[in-house]
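Going line by line, the protein sequences match chains A and B. Here our numbering runs 127 ahead of the position in the first sequence, where the first position is 1. Here our numbering runs 11 ahead of the position in the second sequence, where the first position is 1.
Misleading hints may appear alongside valid ones.
Which chain A residues face chain B? A few, computed with CB under 8 Å, are given here [to be verified]:
#1 Asn130
#2 Leu132
#3 Lys136
#4 Ile140
#5 Ala304
#6 Ala308
Derived DSS-like pairs (lysine-lysine); straight-line CA-CA distance at most 27 Å [unchecked claim]:
#7 Lys136(A) <-> Lys18(B)
#8 Lys18(B) <-> Lys314(A)
#9 Lys136(A) <-> Lys149(A)
#10 Lys18(B) <-> Lys206(A)
#11 Lys149(A) <-> Lys206(A)
#12 Lys136(A) <-> Lys314(A)
These are computed hints drawn from the structure, not numbers from a lab. Where is the CB? At the ideal position from N, CA and C, for every residue including glycine.
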Amino acid sequence: MINPLDQFKVTNIVSFDLGIIKFVFTNAAFTLVLSYIAVLLLSNVSTLRLSIIPGKSQVLAESFYNMLADLLCATAGSKAMRFLPLIMTLFIFIAANNVLGVVPFLFSTTSHFSVTFSLSILVFIIVLITGFVRNGWKYLNVLLPSGTPWFFAPLMFIIEFFAYMARPISLAVRLAANMIAGHVVIKVLASFVLLSGFFGFLPFMLLTILSAFEILIAILQAYIFTVLTCTYLSEAYNLH
Amino acid sequence: MELEALKYIGVGLSSVAMLGAALGVGNIFGALLNGMARNPEVKSEMMRSALIGAALAEAMGLFAFLIALLLIFAV
Numbered sequence: 128m129i130n131p132l133d134q135f136k137v138t139n140i141v142s143f144d145l146g147i148i149k150f151v152f153t154n155a156a157f158t159l160v161l162s163y164i165a166v167l168l169l170s171n172v173s174t175l176r177l178s179i180i181p182g183k184s185q186v187l188a189e190s191f192y193n194m195l196a197d198l199l200c201a202t203a204g205s206k207a208m209r210f211l212p213l214i215m216t217l218f219i220f221i222a223a224n225n226v227l228g229v230v231p232f233l234f235s236t237t238s239h240f241s242v243t244f245s246l247s248i249l250v251f252i253i254v255l256i257t258g259f260v261r262n263g264w265k266y267l268n269v270l271l272p273s274g275t276p277w278f279f280a281p282l283m284f285i286i287e288f289f290a291y292m293a294r295p296i297s298l299a300v301r302l303a304a305n306m307i308a309g310h311v312v313i314k315v316l317a318s319f320v321l322l323s324g325f326f327g328f329l330p331f332m333l334l335t336i337l338s339a340f341e342i343l344i345a346i347l348q349a350y351i352f353t354v355l356t357c358t359y360l361s362e363a364y365n366l367h
Numbered sequence: 012m013e014l015e016a017l018k019y020i021g022v023g024l025s026s027v028a029m030l031g032a033a034l035g036v037g038n039i040f041g042a043l044l045n046g047m048a049r050n051p052e053v054k055s056e057m058m059r060s061a062l063i064g065a066a067l068a069e070a071m072g073l074f075a076f077l078i079a080l081l082l083i084f085a086v
């Protein structure tokens, strides 16, 4: 039996030894570079010829911008708009990598905890610094839900502290687990196609639907990551 | 009983968590349809909250799935 988790292995495409430095180009790095080039091309081409009446590609870029600006303004208020570059970068990076992961023979970088944890810890540190810079020690009010009786306060403080510290973990694990689960299910279903011989077209139809669902999940998870980042930023700006 | 067999029993038990995730996601979208039928004007706002809630509920099932995968392939 071929292990369905083999697809997440990082392998070397090109590697050469220079004596002191060993240069290795892995499939993960290849996909990251590819997503970078894709985003760069898309954003550059769409803003190449700007006009008041937008063309097709300009509508794409503008609708991305409008969606994320509306989202940030609605959840965190207009004062948080200075974080729009962070939000757009997060969404576009995660969405591009998730969608490239669905393409056959490409590596899905967001299924690795090292990638998702670095993203979520970046968000966590930014939110923490913003909260303390804007509110001072009052930011600790986040750990105390409003309307808590005084005799519950120490207990609630400890519980909320651990819930707060679990945020980057849950943020990272949600994204990576969704990607791993989707890819493993697709590979298991693909093995059904091979095993069932003539009747293989039945699981193949299911596989087609599931691949479309996987693309939906890829966009949705990027959206959810950005929405949760926005709500955390809203707490740093508005304290509840 | 052999330890190998116990491992697979654990995998099966951890997949019960999918039931909870399915119930949660179904509940959320059922409530969304209910709300949309009552007041179609706030559809977009409700859709956003519903998607966040569905992702949060689904994540719990996925954590269990991850543990099942770890039990089968990694332990």
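Here's how the hints hold up against the structure:
no.	hint	verdict
1	Asn130	holds (6 Å)
2	Leu132	holds (5 Å)
3	Lys136	violated (12 Å)
4	Ile140	violated (25 Å)
5	Ala304	holds (4 Å)
6	Ala308	holds (5 Å)
7	Lys136(A) <-> Lys18(B)	holds (24 Å)
8	Lys18(B) <-> Lys314(A)	holds (23 Å)
9	Lys136(A) <-> Lys149(A)	holds (20 Å)
10	Lys18(B) <-> Lys206(A)	violated (52 Å)
11	Lys149(A) <-> Lys206(A)	violated (47 Å)
12	Lys136(A) <-> Lys314(A)	holds (14 Å)
Hint compliance for this structure: hints 3, 4, 10, 11 are not met, and every other hint is.
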